[in-house]
Amino acid sequence: MMSQSFVLSHLRALEAESIHILRETASQFCNPVLLYSIGKDSSVLVHLARKAFYPGKFPFPLLHIDTTYEYPEMIEFRDRFTNEIGAELRVYTNQDAINAGANPYNLGTAKCCHLLRTSALVAGLREGNYDAAIGGGRRDEEKSRAKERVFSFRDRAGRWEPRNQRPELWNFYNGAVNPGESIRVFPLSNWTEIDVWRYIELENIPVVPLYFAKPREVIVRGQTLIPLQSNVKLLSGEQPEMICCRMRTLGCTPCSGAIRSEAGTTRSIIEEIISFRRSERENRLIDHDQEGSMELKKREGYF
Amino acid sequence: MLQKPVQTANEIIARALESSKNPCFTCSFQAEDVANLDLIRKQHPNITVLFLETGYHFASLIAYRDRLVREWNLKIVNLEAKQTVAAQEAEFGKLYETDPTRCCSLRKVEPLMRGIASHDLWFTGLRREQSPTRANLQPFETHLFPDGRTLAKVSPLYDWTASEVFAYLSENKIPVISLYSEGYTSIGCEPCTTKPTAGEHTRSGRWGGRKLECGLHTVSIKEN
Amino acid sequence: MSIAAQPKTVTLDHFTASGDELPLLRISTAGSVDDGKSTLIGRLLFDTKAILEDHLDDVKNSKVNRASRGIDLSLLTDGLRAEREQGITIDVAYRYFSTARRKFIVADTPGHEQYTRNMATGASTSDLAVILIDARKRFLEQSKRHAFISWLLGVRTLVFAINKMDLVDFSRQIFAQIREQSNTLLSLLDGVQVHFIPVSALDGDNIVTKSSRTPWYDGPPLLEILEAAQPGVDVTALPLRFPVQTVIRPDSDFRGFAGQIASGRLRVGEEVTALPGGQKSRVARIVTFDGDLDEAFAPMSVNLVLADERDIARGDMIVTASKEASQAQTVEATVVWMNEEPLVAGRSYLIHQGPRVVSARVSRILHRWDVEKLETRDTSSLSLNEIGVLEIEASEPLLFDPYRENRATGGFIVVHRISNLTLGAGLIERKSLNVSGRGPLLPEERLQLRGHSGAWVDLSQAHELIDAVERALLTEHLHVVRTEQPELRRFGLIVLTLGYHQGTPDVVVDRSDLHSAIVAIRASTILGALHVFGEREGI
Chain A
1 MMSQSFVLSH LRALEAESIH ILRETASQFC NPVLLYSIGK DSSVLVHLAR
51 KAFYPGKFPF PLLHIDTTYE YPEMIEFRDR FTNEIGAELR VYTNQDAINA
101 GANPYNLGTA KCCHLLRTSA LVAGLREGNY DAAIGGGRRD EEKSRAKERV
151 FSFRDRAGRW EPRNQRPELW NFYNGAVNPG ESIRVFPLSN WTEIDVWRYI
201 ELENIPVVPL YFAKPREVIV RGQTLIPLQS NVKLLSGEQP EMICCRMRTL
251 GCTPCSGAIR SEAGTTRSII EEIISFRRSE RENRLIDHDQ EGSMELKKRE
301 GYF
Chain B
304 MLQKPVQTAN EIIARALESS KNPCFTCSFQ AEDVANLDLI RKQHPNITVL
354 FLETGYHFAS LIAYRDRLVR EWNLKIVNLE AKQTVAAQEA EFGKLYETDP
404 TRCCSLRKVE PLMRGIASHD LWFTGLRREQ SPTRANLQPF ETHLFPDGRT
454 LAKVSPLYDW TASEVFAYLS ENKIPVISLY SEGYTSIGCE PCTTKPTAGE
504 HTRSGRWGGR KLECGLHTVS IKEN
Chain C
528 MSIAAQPKTV TLDHFTASGD ELPLLRISTA GSVDDGKSTL IGRLLFDTKA
578 ILEDHLDDVK NSKVNRASRG IDLSLLTDGL RAEREQGITI DVAYRYFSTA
628 RRKFIVADTP GHEQYTRNMA TGASTSDLAV ILIDARKRFL EQSKRHAFIS
678 WLLGVRTLVF AINKMDLVDF SRQIFAQIRE QSNTLLSLLD GVQVHFIPVS
728 ALDGDNIVTK SSRTPWYDGP PLLEILEAAQ PGVDVTALPL RFPVQTVIRP
778 DSDFRGFAGQ IASGRLRVGE EVTALPGGQK SRVARIVTFD GDLDEAFAPM
828 SVNLVLADER DIARGDMIVT ASKEASQAQT VEATVVWMNE EPLVAGRSYL
878 IHQGPRVVSA RVSRILHRWD VEKLETRDTS SLSLNEIGVL EIEASEPLLF
928 DPYRENRATG GFIVVHRISN LTLGAGLIER KSLNVSGRGP LLPEERLQLR
978 GHSGAWVDLS QAHELIDAVE RALLTEHLHV VRTEQPELRR FGLIVLTLGY
1028 HQGTPDVVVD RSDLHSAIVA IRASTILGAL HVFGEREGI
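Chains as they are written, first to last, in the working numbering: chain A, 1 to 303; chain B, 304 to 527; chain C, 528 to 1066.
Quick caveat, the hints were computed from the structure, so don't treat them as lab data. Treat the hints with caution; some may be incorrect.
Stated by the list, open to error - Label pairs and their computed distance ranges (CB to CB):
{"id": "1", "chain 1": "B", "residue 1": "Thr404", "chain 2": "C", "residue 2": "Glu867", "range": "50 to 60 Å"}
{"id": "2", "chain 1": "A", "residue 1": "Ser275", "chain 2": "C", "residue 2": "Leu539", "range": "26 to 36 Å"}
{"id": "3", "chain 1": "B", "residue 1": "Pro494", "chain 2": "C", "residue 2": "Glu920", "range": "34 to 44 Å"}
{"id": "4", "chain 1": "C", "residue 1": "Glu668", "chain 2": "A", "residue 2": "Glu201", "range": "42 to 52 Å"}
{"id": "5", "chain 1": "C", "residue 1": "Pro970", "chain 2": "B", "residue 2": "Arg318", "range": "37 to 47 Å"}
{"id": "6", "chain 1": "A", "residue 1": "Glu181", "chain 2": "C", "residue 2": "Glu867", "range": "16 to 26 Å"}
{"id": "7", "chain 1": "A", "residue 1": "Gln95", "chain 2": "B", "residue 2": "Lys378", "range": "46 to 56 Å"}
{"id": "8", "chain 1": "C", "residue 1": "Asp835", "chain 2": "B", "residue 2": "Glu392", "range": "32 to 42 Å"}
{"id": "9", "chain 1": "A", "residue 1": "Glu241", "chain 2": "C", "residue 2": "Lys664", "range": "52 to 62 Å"}
To be verified - In the DSS-like style, the derived pairs of lysine-lysine whose C-alpha atoms are separated by at most 25 Å in a straight line are:
{"id": "10", "chain 1": "A", "residue 1": "Lys233", "chain 2": "A", "residue 2": "Lys111"}
{"id": "11", "chain 1": "B", "residue 1": "Lys378", "chain 2": "B", "residue 2": "Lys324"}
{"id": "12", "chain 1": "C", "residue 1": "Lys807", "chain 2": "C", "residue 2": "Lys850"}
{"id": "13", "chain 1": "B", "residue 1": "Lys307", "chain 2": "C", "residue 2": "Lys900"}
{"id": "14", "chain 1": "B", "residue 1": "Lys307", "chain 2": "B", "residue 2": "Lys476"}
{"id": "15", "chain 1": "B", "residue 1": "Lys307", "chain 2": "A", "residue 2": "Lys57"}
{"id": "16", "chain 1": "B", "residue 1": "Lys324", "chain 2": "B", "residue 2": "Lys476"}
{"id": "17", "chain 1": "A", "residue 1": "Lys57", "chain 2": "C", "residue 2": "Lys535"}
{"id": "18", "chain 1": "A", "residue 1": "Lys51", "chain 2": "C", "residue 2": "Lys535"}
{"id": "19", "chain 1": "C", "residue 1": "Lys671", "chain 2": "C", "residue 2": "Lys900"}
{"id": "20", "chain 1": "C", "residue 1": "Lys807", "chain 2": "C", "residue 2": "Lys958"}
{"id": "21", "chain 1": "B", "residue 1": "Lys345", "chain 2": "B", "residue 2": "Lys307"}
Just so you know, even glycine gets a beta-carbon here, dropped at the ideal spot from N, CA and C.
Using the sequences and the hints, build the whole thing.
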């Protein structure tokens, strides 16, 4: 029977593994970048990056792919937080698509996401000439991610092929690439949604206030509550209501819904998740576009 | 802050020179090469400086080279590829776009190997921090030629950080090439040097040590 | 930015499991598609409520729904579209579930022989393997293979889940027979702890709760075994091994070696050696973002500051001075080949041992394992999914402990220099004994070269057997000599004496038969190879 004093708690075991992965990334690649989506997983990633290189600063910039449809609270949080920790923030937007008037109402969510997120991501990474992009993807998020590697190989076109990935044994990550190729790194691969929230609680990590329940003005559309923002178009007959709600995952304003909830603190969110098992992406309409849609997006270069 | 790194570098240079009659130093005129050159010339003023004249350099780099050659009275040898740029482009087109590895091989590697062949010691400005493949660089290594001959390869700044390099240049009032202040972090041939990313909310402030671009600078050199 | 003269400190409680929390457990699963493995995992996920409600809805609505009754649990785990439609799984998939006390990570791997590489991958990080057996099919060659590969990669707890018991009427006899059939194999696997459970994944018998349909089974259900499982080896009790990932130098005053402790414990003040150079120093600080620690243990990720200025870089290893890791340029290693292009001797590759990368050549293929029969075969190449023992010559020293002693420092991956693909995974067995070396031979070198150790065989009471004994031993190519100098056994010879001498013979042959005499002699001159099953059985 092992002495309890030399056993890590499971959150600390996950933390140690993620720090190891971040250090490997910085050491194996010439030009890594951390993809910062401002969400809770990103917030945990940045926190882990600060730990990994302490007492130095983490040696890569943060890159936010800005669709311009983000909630203002997210942008405000992004700017304040990155400034506080002294991180280098880079922002990329698919300006051509925006100029051409891209929005989900006219294009539909699949096409809009493709332009403003998927291809923007691939273009943003190419522009910066990054050979490694760190993201907050977890294997428990969606079935097609269960087989994703920690170091996920992307070819010169930024595409993922399931048969192209390298076996990962022990804690060895093979990040060797040829010019133009890159790796997506997922330090949170073995974390579940609950692990992420528990860690946020344990470490007191700041996250965007949208995650916490409070009365908000929303439009009720079927099962989903869409918080009222200036760019949300009211359809005929719709009336805004004040409902106590929170966002489970953050996406663009027209496409992400809130859920009814009283959970205004991290602890209550954790309890709610445990008892209230709905998929993180249920309210992100995009995931229901097609069966296996996440896989299709991954083949195109989105996570 | 620089006392220890400078002392270590000087010890390495001294030790290397003890056993060498005909050392050379490959210089790209980037910051660390200039710092290195300054340290070496203090112990061996007549060191042969080898410069890879690829024909694709920034004009400002050539001007900087010429200035330093004049001011420091350097014994410089410009190593050129077998073909001129015009001839190469006529035959292969713009290799730096289609096959950069080959372009480097023709315009850098081959002339380099020719250039160092007649020397008995080769100083380089390589640093561990520069590249993942250099993470375990040793100050004294052995370069192996295809014909089996060996050449001692010495990297006095192997353990220096980028900030130490710039601090040294600043303290010794050595001018750096103007391209750095334009935002370039690494300077190679003009077509292949990454331009700084324009327009975003880029905050100033360099990060960690990973400032130099890799890939084009990896010459397959056997160690030990 | 200078580090404060008095850094903040933190104690180990900040990191250790508290209360009744149990440590993370990594499990691998093996079994073929038809054995019901996906159903079993689906059941574990479902019953511990890891499945998010709408993944279930997806499954109910999906075009592909094979089971005739209720939800097809296997669909909960199948992911990729192509696979979903074909109904099979192709790669290693990671699943997560928890009980109130423990979090589990499952490396779910396919069972077909053609996915040996995936099995090995999943087993490499696992502490426990769940091996599925279809009760109707019994203990097959395939189950042997699953057990062997798991054991080879260091898994020391094997749980055999005998599934589809509902289709054999929950027969106690069949269950007992399967246990019987596994005995021979299991006796060959050192240090392994084994459980057998009768289950029905489809109906849920003995998975989470005890089944009333197996009253003759008095063991716990699967989930209880998983909750109680301890890794076979306490990695914190092994010698300290700290592979350096990167050097952290925010300013000229601070130089920290960052990495994840691979094994053992680290204490401030402890004497350590940096390999391969051999420089010694003491641990001055163990730095983390949360504060300085007095001690740390595997698998914590820390930043180590030494008392002396030492030139240590990524790829070096800091070890305890009292028991250093081995260094060798030529080693013998068991390798699982994972690429379509076969391995042949003479090729050159890159060997990655964590952060350490060295160039190496396969100088010889010693033999290949026939995994179903657990025998060795000669071969000149190793194909995809084959396991062989190779001799590897590296251009720089490899830093290691034999895999059998330490999983964290005995493994390596083989990487192609140009395509960058991971071609195979290796387990270092030992330093290769260099035949062309110089100087006096070490006893183990003699052992290796002769193939057996020396012995003094006293035939003073059975003179008439000496010819037959000499002939029998020579026929087996053992090095035997008739002489009255028993001390020659020191040189690895089997010495047959007829006279009386001082000292203790290794074997005294009395007037019993020749056969027993030969068996006794063989037993005392046991072969150096540790895990050559066939030969062991023959002794």
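Would you list, in rising numerical order, the hints stated earlier that this structure does not obey? 1, 8, 13, 16
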